[in-house]
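Once you've looked at the hints, dock chain D against the given chain W.
The listed protein sequences correspond, in order, to chains W and D. Residues 1 to 296 (the working numbering) make up the first sequence, in order. Residues 1 to 272 (the working numbering) make up the second sequence, in order.
Take these hints with a grain of salt, some might be off.
[As the list claims (entries may be wrong)] One side of the interface only, derived from the structure: several residues of chain D facing chain W at Cβ under 8 Å:
1) Ser-71
2) Phe-267
3) Leu-271
[As the list claims (entries may be wrong)] If you want the footprint, here are the derived chain D segments under chain W, 3+ residues with CB under 8 Å:
4) 27-41
5) 72-84
6) 89-99
7) 110-122
8) 181-188
9) 241-254
Quick caveat, the hints were computed from the structure, so don't treat them as lab data. All values derive from a computational prediction rather than experimental measurement. Each residue gets a CB set at the ideal place from its N, CA and C atoms; glycine is no exception.
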Amino acid sequence: MKTTNPQRMAHITLLLLMMTLAAAVVYAQASTQPSAPSTLNIQSNTTALYPNATALNGTRGYIYTVELNESAPTQKWVGYVGNVNGEYALQDASGNALYDWSIATITGELYATKEGAFITAGTTEVTNPYAGGIPIWSNLSCAGWELVRKESAYFNHSFTNVSTAGSANTAQEDALVRTFINGSGFANPGFYAGERQVTDSIIGLGQTGTCFGINLNQNNADQTARWYEIMATDGTEQLENAAGNSNAYDIVYVSLLENDTVGYNGATYDFQTLLPQSGLSGAQSNIAFYFYVELI
Amino acid sequence: MDMRAKIRIVLPLLFLISATAIVLAVTQPEGPGTLTVVNSSRRLAGSALTTQATAGNITHLIVQGQTVTQSWQGFVGNITGTITLDDANNNTLYDWSLADPEGEIYATYLSQVNWTAGSVLCWNWTIATASYLQLAELETNPAAGDGAPSVYGGIGAAIDDVDGVNETFSAPGAGAHSNFFAGPQAITVNATDSACPVTRLYNNVGGGAFQEVLLYTDGTGANNDGVIYTSILNQSATGYDAAKHDFEMIVGEDGHNGNVAVTTYYFYVELQ
Numbered sequence: 001m002k003t004t005n006p007q008r009m010a011h012i013t014l015l016l017l018m019m020t021l022a023a024a025v026v027y028a029q030a031s032t033q034p035s036a037p038s039t040l041n042i043q044s045n046t047t048a049l050y051p052n053a054t055a056l057n058g059t060r061g062y063i064y065t066v067e068l069n070e071s072a073p074t075q076k077w078v079g080y081v082g083n084v085n086g087e088y089a090l091q092d093a094s095g096n097a098l099y100d101w102s103i104a105t106i107t108g109e110l111y112a113t114k115e116g117a118f119i120t121a122g123t124t125e126v127t128n129p130y131a132g133g134i135p136i137w138s139n140l141s142c143a144g145w146e147l148v149r150k151e152s153a154y155f156n157h158s159f160t161n162v163s164t165a166g167s168a169n170t171a172q173e174d175a176l177v178r179t180f181i182n183g184s185g186f187a188n189p190g191f192y193a194g195e196r197q198v199t200d201s202i203i204g205l206g207q208t209g210t211c212f213g214i215n216l217n218q219n220n221a222d223q224t225a226r227w228y229e230i231m232a233t234d235g236t237e238q239l240e241n242a243a244g245n246s247n248a249y250d251i252v253y254v255s256l257l258e259n260d261t262v263g264y265n266g267a268t269y270d271f272q273t274l275l276p277q278s279g280l281s282g283a284q285s286n287i288a289f290y291f292y293v294e295l296i
Numbered sequence: 001m002d003m004r005a006k007i008r009i010v011l012p013l014l015f016l017i018s019a020t021a022i023v024l025a026v027t028q029p030e031g032p033g034t035l036t037v038v039n040s041s042r043r044l045a046g047s048a049l050t051t052q053a054t055a056g057n058i059t060h061l062i063v064q065g066q067t068v069t070q071s072w073q074g075f076v077g078n079i080t081g082t083i084t085l086d087d088a089n090n091n092t093l094y095d096w097s098l099a100d101p102e103g104e105i106y107a108t109y110l111s112q113v114n115w116t117a118g119s120v121l122c123w124n125w126t127i128a129t130a131s132y133l134q135l136a137e138l139e140t141n142p143a144a145g146d147g148a149p150s151v152y153g154g155i156g157a158a159i160d161d162v163d164g165v166n167e168t169f170s171a172p173g174a175g176a177h178s179n180f181f182a183g184p185q186a187i188t189v190n191a192t193d194s195a196c197p198v199t200r201l202y203n204n205v206g207g208g209a210f211q212e213v214l215l216y217t218d219g220t221g222a223n224n225d226g227v228i229y230t231s232i233l234n235q236s237a238t239g240y241d242a243a244k245h246d247f248e249m250i251v252g253e254d255g256h257n258g259n260v261a262v263t264t265y266y267f268y269v270e271l272q
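Bound conformation, chain W alone (with noise of 0.2 Å):
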């Protein structure tokens, strides 16, 4: 039966408006970022603590030659470990699903700054420290040797001459400027932020070289084929101070998601992450750090 005109437009303008309908939501969102998480609980809070002595005995007038070994806790790192769970949605501003699937492989990375809300462009580290705002994932670069340096001395972990990379031996063996790496001690794999790829030679505010991080341990061991961390920077920057002869740039510590894999202590997790914290000495405050993540 043929239809009428009106019919045929009514058909055609409806038709229309489905394509229009289906294209807003399929294109609501124009690119993937990371994101913060919708929760985040912590499980468990431990480290190694020797409270007791080791007891000697001796006599008056000897002297003793001893040799100790001892591992130490570090006070300048906190680290991370743990599993991803969720589900892909699409879903409407108001979290409303109109489908969801669950996710069987977990990939992509975990991302923590320690950069809070943004206040205003002339905020300087002394008066508003953190104040970076939500990283620019479009701009997100490895962080050169300039930049792990200046990392490295904000956390104060003892790194004396700051003036070339030759010179990170100078500092504490735990320091930043010595637990993040690069050349043939470590190789960024490669991942992407949003839209953006970065890859072992993609370094931030026109450094050259390679990126610098490390590898964590598995099953108790040194390793490098898993669990990957990044130093990266959005190339943003606060003023140190007024007079604003230095710059604070917003680091982002980068780790890559490994599906439900063999961990530090031979357990499986999705993710293993070392934060800095002040390298000073007696109590200190803690730097609390922003996460977000990415699923690919």
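Here is chain D on its own, set in the frame of chain W:
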């Protein structure tokens, strides 16, 4: 990594992160992982010297002698190891080799020490409070009613012995030493904080290369109230015997009047 498809459906995510934090809320001195005695030695008694005696003579002699102290015992040595980020089961997330240790080594006759802030400070034996350890209680036989000389780590010396405590360590506030932290407690020398009693042990040419100070914890009861001998590490410094040591220290030990009993010292180390 494969390039992502340029055209795709972008989906918001719902996810839950469950995490375990491996943290160190506060550092404090702790017993070393291993403590191995490499060797021990003491000065050997010299053979007698002789001189001839002639009847009717009065002979003036100048006698110079050395004798082993009966009040002190020495420990010297090196520290090796790692700095780690461990959980309570000693599983290591990451570790760093310790090439140049910095920090302190502590030795005390107290079997346990409360290292919280304010509990361990410089020993100031000028504080004339009954509950506060007095110099005489460490040096000599304590006053009647205080117990045996071994109480409070007494070394059984006489008040005027040349190798007594205040003859070995400077008076509170009179010396100078490096600033450091004993756990969360800052031990500093400045306009408001006086120095701890301090001595410097020798390198091979008699120079004072190794600082040792006397800390004190004023706890309740003899088992919690006493001196903590503290050696500030000096990485691979030339020691008394020309060998390289990270630390040298002396601790009190009563060997007077034929006392052959040993004193157990409890060692702690704090590295950074």
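Results of checking the hints against the structure:
1. Ser-71: The hint holds - D/Ser-71 has a Cβ within 8 Å of chain W, the shortest such distance being about 7 Å.
2. Phe-267: holds, 5 Å
3. Leu-271: Check passed: Cβ of D/Leu-271 comes within 4 Å of chain W, closer than 8 Å.
4. 27-41: Holds, because 14 residues of the stretch 27-41 of chain D bring their Cβ atoms closer than 8 Å to Cβ atoms of chain W.
5. 72-84: holds (count 13)
6. 89-99: holds (count 11)
7. 110-122: holds (count 4)
8. 181-188: holds (count 4)
9. 241-254: holds (count 3)
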